[in-house]
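Chains as they are written, first to last, in the UniProt record's numbering: chain W, 1 to 485; chain Y, 1 to 485; chain F, 1 to 485.
This list has only true hints and no planted wrong ones.
Label-pair ranges, simulated between beta-carbon atoms:
| no. | chain 1 | residue 1 | chain 2 | residue 2 | range |
| --- | --- | --- | --- | --- | --- |
| 1 | F | 95 | W | 202 | 47 to 57 Å |
| 2 | Y | 411 | F | 417 | 51 to 61 Å |
| 3 | F | 451 | Y | 319 | 37 to 47 Å |
| 4 | W | 76 | F | 106 | 45 to 55 Å |
| 5 | F | 444 | W | 205 | 47 to 57 Å |
| 6 | W | 205 | F | 220 | 41 to 51 Å |
| 7 | Y | 224 | W | 69 | 47 to 57 Å |
| 8 | Y | 411 | F | 239 | 48 to 58 Å |
| 9 | Y | 319 | F | 463 | 49 to 59 Å |
| 10 | W | 462 | F | 291 | 53 to 63 Å |
One-sided excerpt, in silico: chain Y residues whose CB lies under 7 Å from chain W:
| no. | residue |
| --- | --- |
| 11 | 284 |
| 12 | 320 |
| 13 | 343 |
Don't read these hints as lab results, they were simulated from the structure. Here a beta-carbon is modelled for each residue, glycine too, at the ideal position from N, C-alpha and C.
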Amino acid sequence: MPQEDMKKLLLTSPRALESSQSEPGSPVVGILGTGDFSRSLATRLVACGYRVVVGSRTPKRWSSLFPEEAEVTSQEEAVSQADLVFVALFVEHYSTLTGLKELLAGKILVDVSNSTQLSQNQPSNAENLANLFPDSVVVKGFNVISAWTLQTGPRDGSRQVLLCSDSSQAKSTVVQLCRAMGFVPVDMGRLSSARDLENVTLRLFPAWRAPVLCVFVLFLFFYSYNFLRDVLHPYATEGKNAFYKLPVELVNVTLPCVALVMLALVYLAGLAAAFTQLSRGTKYSRFPGWLDRWLRARKQLGLLSFLCAALHAVYSLCLPMRRSARYKLLNAAFKQVKAEQANSWVEEEVWRMELYLSVGILTLGLLSLLAVASIPSVSNTLNWREFSFIQSRLGHTALVMATLHTLLYGWARAFDPAQYRFYLPPTFTLALVLPCAVLLGRLCLALPCVALRLFRIRRGWEKGRRIRFELPAEYHDGADVCSDV
Amino acid sequence: MPQEDMKKLLLTSPRALESSQSEPGSPVVGILGTGDFSRSLATRLVACGYRVVVGSRTPKRWSSLFPEEAEVTSQEEAVSQADLVFVALFVEHYSTLTGLKELLAGKILVDVSNSTQLSQNQPSNAENLANLFPDSVVVKGFNVISAWTLQTGPRDGSRQVLLCSDSSQAKSTVVQLCRAMGFVPVDMGRLSSARDLENVTLRLFPAWRAPVLCVFVLFLFFYSYNFLRDVLHPYATEGKNAFYKLPVELVNVTLPCVALVMLALVYLAGLAAAFTQLSRGTKYSRFPGWLDRWLRARKQLGLLSFLCAALHAVYSLCLPMRRSARYKLLNAAFKQVKAEQANSWVEEEVWRMELYLSVGILTLGLLSLLAVASIPSVSNTLNWREFSFIQSRLGHTALVMATLHTLLYGWARAFDPAQYRFYLPPTFTLALVLPCAVLLGRLCLALPCVALRLFRIRRGWEKGRRIRFELPAEYHDGADVCSDV
Amino acid sequence: MPQEDMKKLLLTSPRALESSQSEPGSPVVGILGTGDFSRSLATRLVACGYRVVVGSRTPKRWSSLFPEEAEVTSQEEAVSQADLVFVALFVEHYSTLTGLKELLAGKILVDVSNSTQLSQNQPSNAENLANLFPDSVVVKGFNVISAWTLQTGPRDGSRQVLLCSDSSQAKSTVVQLCRAMGFVPVDMGRLSSARDLENVTLRLFPAWRAPVLCVFVLFLFFYSYNFLRDVLHPYATEGKNAFYKLPVELVNVTLPCVALVMLALVYLAGLAAAFTQLSRGTKYSRFPGWLDRWLRARKQLGLLSFLCAALHAVYSLCLPMRRSARYKLLNAAFKQVKAEQANSWVEEEVWRMELYLSVGILTLGLLSLLAVASIPSVSNTLNWREFSFIQSRLGHTALVMATLHTLLYGWARAFDPAQYRFYLPPTFTLALVLPCAVLLGRLCLALPCVALRLFRIRRGWEKGRRIRFELPAEYHDGADVCSDV
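Start from the sequences and build out the full structure, keeping to the hints where you can.
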């Protein structure tokens, strides 16, 4: 084939669907069903320049609801015109289509349905459709897209379309259609993944469940502990009514504890991974399941820690605004006047507070940077060395500073017997256990002998084996599973 | 054609433009015009590996300003070498190109121009170009891209390129060029959309106009109302000068009212949609235009509500920092000492404030989550069930809590005759009208009989018709037009 | 070729790699090396439906670590099966592959390696690979992607893959592979760019270095200056101990100065550009290097300014919460009682503070909007007129308001001799110099004669030349290099 001809061929036909959309007799997109999804899909396809044929048993009834450019006709007519047919019906009505079997043979059917309940064992809707129409090619997709997104177009946050099919050709055709509509197709493999795709929309923040539960448990524990010490103890021993502290003050001393422990948990995961590798003497073995899940939950743990810290900041800033603070101040002024005390200044108290406020604000600033860096489109602009720098270096600095903030807050109290109400140590000492352990662990890993061994393990070295030549592309180590270790 | 040959063909020619860029005699990209846009475009194309020929009447004058790899030559020379020509001239100079008509026949012309004023009736620049060169194929596009973005590359926020053309082949070629340059092409249909594309850059936040106007009107109303009650009334009746309240205190009581009403407006839209459907007994009829626009403006209304709430929080936190607060406190201490009152504690006042502060902070936290979830790249990671959960469940919770915050703030005041200055009820009671109405409406919709009817309507049921079998893919209902209802 | 045949051809073969993945004897993806990167890559490719063959010298050892679907075999076997081979080895082991030279001839080698140190002169790893295998086609890419991202898939922030190669066909094949894996390929041109690509991951925020340095220097200067005036001066002259101010108060007066100067620097750059153009009488000459770098650093300067302003806000809000504030208030109450002063109200002080607080909050609000608009996915939704409106109009408004905030703060102090400690003027007067200069410069540019000249220069006019007809597509001017001028 001479070069000239080929150029011509390529210029005239780079994309099967697109190139033919305006010529007569060319492939068109069919849609079975006339619901919201169907109408939004038709609107979108027409806007992108496709010829659309909608198939219905009662076409006259519906044509006014579809865009003018779309043809609403009988199912048979629609199916016979189109090479690619969207099936936008309820699953329970798939069987009513069997009469179209012959007309659909050799064509691409796109199953857009969702599950109504999570399941793992039943075949997926798409597989059911494939069984009903063995001579057609089924592509699962678009089920994660809402009618609303289809209608308004993907400009408002271009959304991903997950696709799967056993035929790579059919998938590729749908991928192109997808792109032409402005979506970002993501290939999820074979049709056997359809079950997962159909389950996607039934899941509500699966990655957030364990971390949120963790926050709740920690919050309940620390809140009850503080309630015992700060409200119940003065009431039981002195009959002092401090129940007004429940909504603000108790929450405000509980939140930083939760935030600190959560932040420590983020870095404990990496520490556990490092010690696992050190003790096994290799990195070529999978982590246990719980550790793997923990490592994957670090982002969520970190963001929840930031949320608690931010709430703590707002609660703290509200403290001087309250009536209770005002009354206390007025009463203190009264006492001071009565005691003829011209100056109530206590230098140590002043310094302690200035210092822990200052460290606290800087910690919040660091955590904010970490949170901003985890906005998808921001982290997208970072190379992995930058990402690792932020998550690991800045993160550890934040942990050290948060620990310092807590230590400065409690410096005078830890050794004051009056603080051990009901023999319970002050809350902040409890909250410090985990962060201090993590920081100690990090120091251990920084010892030259341990650090060297870990470095060699991460470069592929194994206990009892000589170094092989086919080492991994370990330059990527920085952003590896254990990057934040 | 044997499989081997086809594979070869495919490996050698998947993309017309790309495959030929380095071979001699292959299609190159031409640019007419030598301005900033032209130069940035040339720089970008050269960086992406394309051969670029720039056409100018005075080529010598300009060659130093273009990248070395780009050839700057006469217009005739440039046009005859290229198969795809960018027209980067002022619209008023399009007619000077008529001499190139024959050379441009059969080639793709990309019109990158913008309008200088909004218009709906005149033909677009691209259509004018198409009329001038009937034998060429005109593609409208790249007008939304700035010279700056072209130059720095799309790494800093990959930007969308809106395209339209009557020829799907030409469009597809430009789509590929677009992708190769790192942009995200969005197909906007036929060349008749060119007018819209040219108007895009003239519009300044069209979706924000009505919501911003709404904020201004509400702010003016509540501010004047508060001015009457809190500043003018004490001045008129007691001669008390409270004008110092204008910059901070009055703004601070006005902002939460605006925020609350705006939040109620967000959910009132969905409510109106639901009641419209209920009264019509069908969902298969379009909403009236105003309701449709209102439903589309919910995101903007919500974000502006969050902005007001956040400003209210900052203003409130500033209150104890002010001189006026300090003076008032000192004077109160003076009075307390003179009155020999050792304890000024008022338990009810303390509780009221602790409670409404606490609820207020949590409301702000919820609204922040809603705001973060509407950052495009974050909402992009949510499936529609999660998105709907956040916007509908969390949103309604925020509305309930904001209402509670206001009620707690005003609990003691609503029934205090002294608060009815000039016979005007306290501001917060006015602000509560709409949110309470919305919450009542929601309760109505939750009544079993109403809820069932609405559910059936949304599943496709219609008054006076039997249920058809071709129901819509209603699993998508959650994120539907009425999802947040 | 009849239309029917062509349609068939196109439907069966739009993409070389995809279309063949499931047929026997079709191209498969090979991977040399068995490290983390290799394993993550294999996992991802398998998940996307590709056939993967991993080549290793000791295949038995590794097969358990790879997904079941991937075949782990000898290097020779792997290379002979695949048409596209990822080289995931350490660079120092590239030479061990020379035995595979003949098997690799004509195939695409993807070099995923990174540099271990920044360099400009040595050949890149990819070029070394290309020298070793002159008969193969080398594509550089995927080095910016971490094993972690490969494994979890690009759903969590779809990441860009930078690619370069001398063969556009090979590049196009890898581009498709890339898309199928869910990444966003960005074409970076010829293989000579490989050095840059390999350096990408070694750079740590190159764009942020100068701006961060600038913040540090400014902070140090203003902090020392404030230390001299507010701490050392009272200590030296009156023996007053004010060292407690170091952690909070001094930082809090330093931060707004830094923020204001940084904000002025953002708009000074544009001003400098405009005056350069005015004095040269043309826009067709490159800016000097320092001005170019400065113009490019505006986003970073602006964000750092916002960070300082936000920290200043939090520090300020913390002020009334401190022990020192409490002690001072109590002592003031004591004094007031002793002086028998019933009312300490000073109307001017009250007004001054209410006004500067109010202006300060609004400034922070504006800066927050600017910061939000620079989140990549948000700025992505703006057309350039909107972007320019936000950056230029809102930005200048913020500068005016920040200047006003500072002036209001200092109105009474600038002319108080007691403020000139050690003959040093108050800090805020120093901080005001640059912003006032910038605002004056802007006013100059707004003078009709200057504005007209600048407008004509930006439309292409040049001193000493008549207007040419081939003007640039200057409608894009708004978002041009000098858009924010």
